Amino acid sequence: MNLLIGSVSMGFLLSLLTLGVFITYRIMGRLDLTTDGSFGLGAAVAAALLTAGVHPLIATVAAAAAGWLAGAATGLIYVIVGIDVLLGGILVTTGLYTAQLYIMGGGNHSLVGARTLPGIAEDLWHALRLPDTVVLGATAVPAALFSAFLVFAVFVLFSVWVLARFLRTDLGLALRAAGGNAQAARALGLDTGLMETLGLVLANGLVALAGALFAQYQGFANVTMGAGMIVTALACVVVGEGLLGRRTLRRQIAGTLIGTIAFRLLVAAAVAAGLPGDALKLATALFVLVALATPTVLARVRRHLERQEATT
Amino acid sequence: MTVPTLANAGARAGDEATLVLEDVHHTYFSGTPNEQRALQGVDLAMEERAFVVVVGNNGSGKSTLLNTIAGSVIPDRGRILIGGQDVTAWREWRRAALVGRVFQNPMSGTIPHLTIAENLAVAAKRGSRPGVLRNALGRERRRELAERARDLGLGLEDRLDTPVGALSGGQRQALTLLMATLVRPTMLLLDEHTSALDPVSTEQVVRLTERLIRSEGLTTLMVTHSIQQAVTLGDRVLIMHRGRIAENIGGARKRQLRVEELLDTFERLRNADLVDESAAEMVRRLYI
Numbered sequence: 000m001n002l003l004i005g006s007v008s009m010g011f012l013l014s015l016l017t018l019g020v021f022i023t024y025r026i027m028g029r030l031d032l033t034t035d036g037s038f039g040l041g042a043a044v045a046a047a048l049l050t051a052g053v054h055p056l057i058a059t060v061a062a063a064a065a066g067w068l069a070g071a072a073t074g075l076i077y078v079i080v081g082i083d084v085l086l087g088g089i090l091v092t093t094g095l096y097t098a099q100l101y102i103m104g105g106g107n108h109s110l111v112g113a114r115t116l117p118g119i120a121e122d123l124w125h126a127l128r129l130p131d132t133v134v135l136g137a138t139a140v141p142a143a144l145f146s147a148f149l150v151f152a153v154f155v156l157f158s159v160w161v162l163a164r165f166l167r168t169d170l171g172l173a174l175r176a177a178g179g180n181a182q183a184a185r186a187l188g189l190d191t192g193l194m195e196t197l198g199l200v201l202a203n204g205l206v207a208l209a210g211a212l213f214a215q216y217q218g219f220a221n222v223t224m225g226a227g228m229i230v231t232a233l234a235c236v237v238v239g240e241g242l243l244g245r246r247t248l249r250r251q252i253a254g255t256l257i258g259t260i261a262f263r264l265l266v267a268a269a270v271a272a273g274l275p276g277d278a279l280k281l282a283t284a285l286f287v288l289v290a291l292a293t294p295t296v297l298a299r300v301r302r303h304l305e306r307q308e309a310t311t
Numbered sequence: 000m001t002v003p004t005l006a007n008a009g010a011r012a013g014d015e016a017t018l019v020l021e022d023v024h025h026t027y028f029s030g031t032p033n034e035q036r037a038l039q040g041v042d043l044a045m046e047e048r049a050f051v052v053v054v055g056n057n058g059s060g061k062s063t064l065l066n067t068i069a070g071s072v073i074p075d076r077g078r079i080l081i082g083g084q085d086v087t088a089w090r091e092w093r094r095a096a097l098v099g100r101v102f103q104n105p106m107s108g109t110i111p112h113l114t115i116a117e118n119l120a121v122a123a124k125r126g127s128r129p130g131v132l133r134n135a136l137g138r139e140r141r142r143e144l145a146e147r148a149r150d151l152g153l154g155l156e157d158r159l160d161t162p163v164g165a166l167s168g169g170q171r172q173a174l175t176l177l178m179a180t181l182v183r184p185t186m187l188l189l190d191e192h193t194s195a196l197d198p199v200s201t202e203q204v205v206r207l208t209e210r211l212i213r214s215e216g217l218t219t220l221m222v223t224h225s226i227q228q229a230v231t232l233g234d235r236v237l238i239m240h241r242g243r244i245a246e247n248i249g250g251a252r253k254r255q256l257r258v259e260e261l262l263d264t265f266e267r268l269r270n271a272d273l274v275d276e277s278a279a280e281m282v283r284r285l286y287i
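Line by line, the protein sequences give chains P and D. Once you know that position 43 of the first sequence is 42 in numbering that gives the first Met the number 0, the rest is easy, because the numbers rise by one and skip nothing. Once you know that position 132 of the second sequence is 131 in numbering that gives the first Met the number 0, the rest is easy, because the numbers rise by one and skip nothing.
Hints listed in this document are in silico derivations from the structure and should not be mistaken for laboratory results. Any given hint might turn out to be false.
Example chain D residues on the side facing chain P (calculated, C-beta under 7 Å, incomplete) [what the hints assert, rightly or not]:
1) GLU91
2) ALA96
3) ARG100
4) SER107
5) ALA120
6) ARG133
7) LEU256
8) VAL258
Please read all numbers here as calculations on a predicted model, not as lab measurements. Yeah, the Cβ is synthetic: ideal placement off N, Cα and C, and Gly gets one too.
With the hints as extra help, turn the sequences into a complete structure.
If you want it as structure tokens, here you go:
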């Protein structure tokens, strides 16, 4: 049960990462590799500020703002210099590696002893004189774990709600229009370069926010924790679409949340079944490959069968 | 010296024209072996509410002409004024505040994975700053958009939440036309907007085009491949040839214009080309 709560907590906070990648990959139609960099950057900024004694809420928001800057950098490289988002993202992520080392003063940064969001939640829990353990089914879940879960759930659900609202405003609609058909968007008076940049800013803010929450959940940040995050996020997007489909925006946004949680549970199950932790990245990459390739391969097989049928 | 070709009979000099092109030149791949002189000095003035049809062979420069007005091509030389404003240096999205546009490809003018209502909501904000906090599809806005969609007579008002990607080519072009005119454009540009459609849809879209232009009193420049459309639509025909306006048929001559006559004019332009080429050949033989 504790493993389950842990996986769901992790799923909640990482769903912000998935949502960020959903914005760039599905709404803007771009593969944004800034993701890896801004996840680590968010963690680094939050960790550095938390050890300096900054209030966890402020530290977390500052981390998101750092992500906005990273997204803006990739966007401006694209709009002003004309370098593709794919390459621009790689450049920014590479540069951010150094930025993270400077911010954290090294490759690792422990949060032991620092006040974090889960820490505040636990204090609040005790202040409210709630019981030390919560009985779910047959197991007693410690208050620390349960309160952390609650604070992440509230934080994430609120962020998702704000984003979902935003995408339905005029500006949000303009963003989706620019990502859906740049030519039509320009003919309808939208500055598509500005919209692309806005999309990247928004997405990387969410990713950095996820990074900041992740660091607080784990109790440390390190410079390599962003590596391969975009692939994990793609896996979650794919799982979410598999479960809820792509018919409406509401479903897709809910899909990022459900998909991430489902993916975390899948990972937990795989590890429990004996998958070595070192093999996790390879397994994730293969999973994304298979998930993205399956529709194409199926269509090809179907065409082949139809052709055979037609000739006989 | 530039002498604008007045596109409306009886237009007085000094009248504020809705569209003015002055000595517009454009060359693609300039300075390479693929150099292509698309526009070689185009002058044009269109009065408000004028409806001009442009025809010409492939490569005559008619699409480039339209693109320079829309801003997707910035000309090498010359000036472009729309509604009295010099827009020569304006980028495409900025010009869209003045220009409504329908493309040749039905896929080009709409956003496929947004719904009909969402597409219309984007079009309703053409030329104004998008709101950050307001819901783009509030009940009031939805009702207005449904009303406008009803005018098309295609039943789209009952399918407001359908993604546009699910519509047929004809339905999409009709929707694009509505989107281009939802906010009244100073200039409406139609770029062979029926050439990808089947005959029935073509007929439908042409009728809708005429109705919208007439009821809204729009100033329209339409490029077409169809000689039939050039004869029956609009109050002036321009024939583009080798990057210039070679013929300008308006007034009574346009009203009496028949398909045969227009085809004859094309033939004449082509023969003139052949004469040009044989003359060039003669000069070459004499002097080289």
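Now for the hints, and whether the structure bears them out:
{"no.": "1", "hint": "GLU91", "in the structure": "holds (5 Å)"}
{"no.": "2", "hint": "ALA96", "in the structure": "holds (6 Å)"}
{"no.": "3", "hint": "ARG100", "in the structure": "holds (5 Å)"}
{"no.": "4", "hint": "SER107", "in the structure": "holds (5 Å)"}
{"no.": "5", "hint": "ALA120", "in the structure": "holds (6 Å)"}
{"no.": "6", "hint": "ARG133", "in the structure": "holds (6 Å)"}
{"no.": "7", "hint": "LEU256", "in the structure": "violated (31 Å)"}
{"no.": "8", "hint": "VAL258", "in the structure": "violated (32 Å)"}
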